[in-house]
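> Following the hints, position chain S against chain L.
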Amino acid sequence: MALIELKNLTKTYRMGDIDVHALRGVDMKVEEREFLAITGASGSGKSTMLNILGCLDLPSSGEYVLGGTRVNGLDKRKLADIRNEKIGFVFQGFNLLARTSALENVELPLLYDRAGRIKEPARKAVEVLTRVGLADRLHHEPNKLSGGEQQRVAIARALVNEPAILLADEPTGNLDTVTSMEVIDIFRDLNRQGMTIILVTHEPEISRQARRAIELRDGRIIKDVVL
Amino acid sequence: MKWKSLIKVALKSIMKNRMRSFLTMLGIIIGVASVIALISVGRGTQSDISGKIQSLGTNLLMIMPGASGFGGVSRGAGSWHTLTMADAEKIEKEATLVTQVSPVVRRSAQVIAGRNNWFTSVQGVAANYTIIRSWPVDRGAFFTDRDVKALAKVAVLGATVADTLYPGQDPIGARIRVGNVPFTVVGVLSKKGQNMMGSDQDDIIFAPATTVLFRLGDGKWINSITVSAVSEQETEAARGEIETIMRRAHRLAGSEENDFSIRTQTELNEMATSVTKMMTLLLSAVAGVSLLVGGIGIMNIMLVSVTERTREIGIRLAIGAREADVLVQFLIEAAIISLMGGMLGILLGLVTAEVIGRAISASVVIDPVTIAVSFFFSGVIGIFFGFYPAKKAAALNPIEALHYE
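Residue numbers (our numbering), protein chains in the order written: chain L, 1083 to 1309; chain S, 9 to 413.
These are computed hints drawn from the structure, not numbers from a lab.
Cβ coordinates follow ideal geometry from the N, Cα and C atoms, glycine included.
Wrong hints could be hidden among the right ones.
As the list claims (entries may be wrong) - Chain S is faced by these chain L residues, among others (derived, beta-carbon under 10 Å):
1) Asp1139
2) Ser1143
3) Val1147
4) Gly1150
5) Arg1165
6) Asn1166
7) Phe1171
8) Leu1179
9) Arg1181
10) Pro1191
11) Tyr1194
12) Arg1196
13) Ala1240
14) Arg1302
15) Ile1304
For reference, chain L alone in the conformation it holds in the complex:
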């Protein structure tokens, strides 16, 4: 069974008097261990899709099944729990808490690990930071870190709860080319180790690094290729 299954998914926003059709019937399957890039021009619906995949938003119609669970129809509490257990987010702007050390930033999702899935949380946070190569930056605050380092802290934060998928929204958008490649290398390594990754980007060089690319236009998938 596929890890992610979207069936005829639509999303319509109401902006004033106009209905904005962000997604107009998307069908997609993502298997475990895939590294998928979603591309498209701005306004193509890729951000909306990522929000829905990340359980931050619900579709207007259609079906979203994540790891066997039908997501649409769940209440906010359950969605929060899914975000905590199954999804790791990496954002374009890093979105780290200011004046909070790298370690404390990474520990943040563990605060909301209600089921206590992660044993030895203190060690886990250090472990994932070590995995992204920041073992010597544990107590640095974000403003003392370079952009690449900040994004690696964000990746560590996304990994700490052992999610089923890593969702990245323009993760290299604020980084220079060299640093971008470093970050992408981390994603490729993680994927090689078995992590399912979905990455949204508008940069062709970035999407080429993935193993499958989907292109959206006007809320529909117009291209789905294995690289």
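Then chain S, alone, in the frame of chain L:
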């Protein structure tokens, strides 16, 4: 989310904005401090007053002319002429629950001794007055029953009067003039200090009731009768007995109101207590308003804080915080701010109470219950006024919050 980390997160955000947190607390600090200070001083004053009333003797009864009960509308108690020496004698003769009776005839007069003179109160009483008031003589002696019967022109000076008229000298045997009447000083009373209204009890001259009544007064009406009951427990019974005797003496028909009133120390005590209670209540209301304002201050700053931290809230929601987690986080922050304010307020209040107590030389009673209640109440205020901002934070849309600039 564990309590320990919740409190840690809250403390961290409070420490990040030290100045703002302190200003937020200020309302609560002032509110709690005024509650603590006012109640401590109020309680202290109350106990001072009841202590002074106790020192008068708890088995004391006072019969005053005028309407019974408190605050007759048309006739103020004490200003009426209804009591005579005969009333005092009747009570002494007939009442069984009474040990001492003394009429009191009060006059004010200019007192002249050699080159010094002083305006003071002259009270005509019976020879047993020192026993009733448990007020010993310091030098010389009090006048006797014989002096009272003989309308002797003898006087016993209060300590203040003695010091003023005879600074550094022994006034015993000296001659003084009260108004136009010459008196011989036979004794000086020990110092008694201020009474509960704060006036000097030693600024007084005692003379035989008869002498004051006939030489200085109108020869008929006396101001009050002071009686001591056999014991404190019998005060109420003695009051009933005296009332019956007085009504008979004044030939009052069954439907007529008393033309006199009887007050006991317990009543005086209650009256004084109710006055200070009123004061405390009133001041507490003022303090309550300042606590309310403090609470609104907390709400205000928390709303600002929620707006400022929109992105943080978005991050927390994205990584799996439930709405309830965000709500609790902000509530705890508000509660900690107000509890810290409460704590500082308690300290400030205790210091203020001590300072006020010294300034007005009143005792300060520190009541642990008041402190506990103020502390608890400041927490409640924080949670109450923190709820709306916290609710607002929890209801944020995570997508919009994440992209908030």
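> Hint compliance check: list the failing hint numbers for this structure, sorted ascending.
Violated hints: 2, 3, 4, 14 and 15; rest satisfied.
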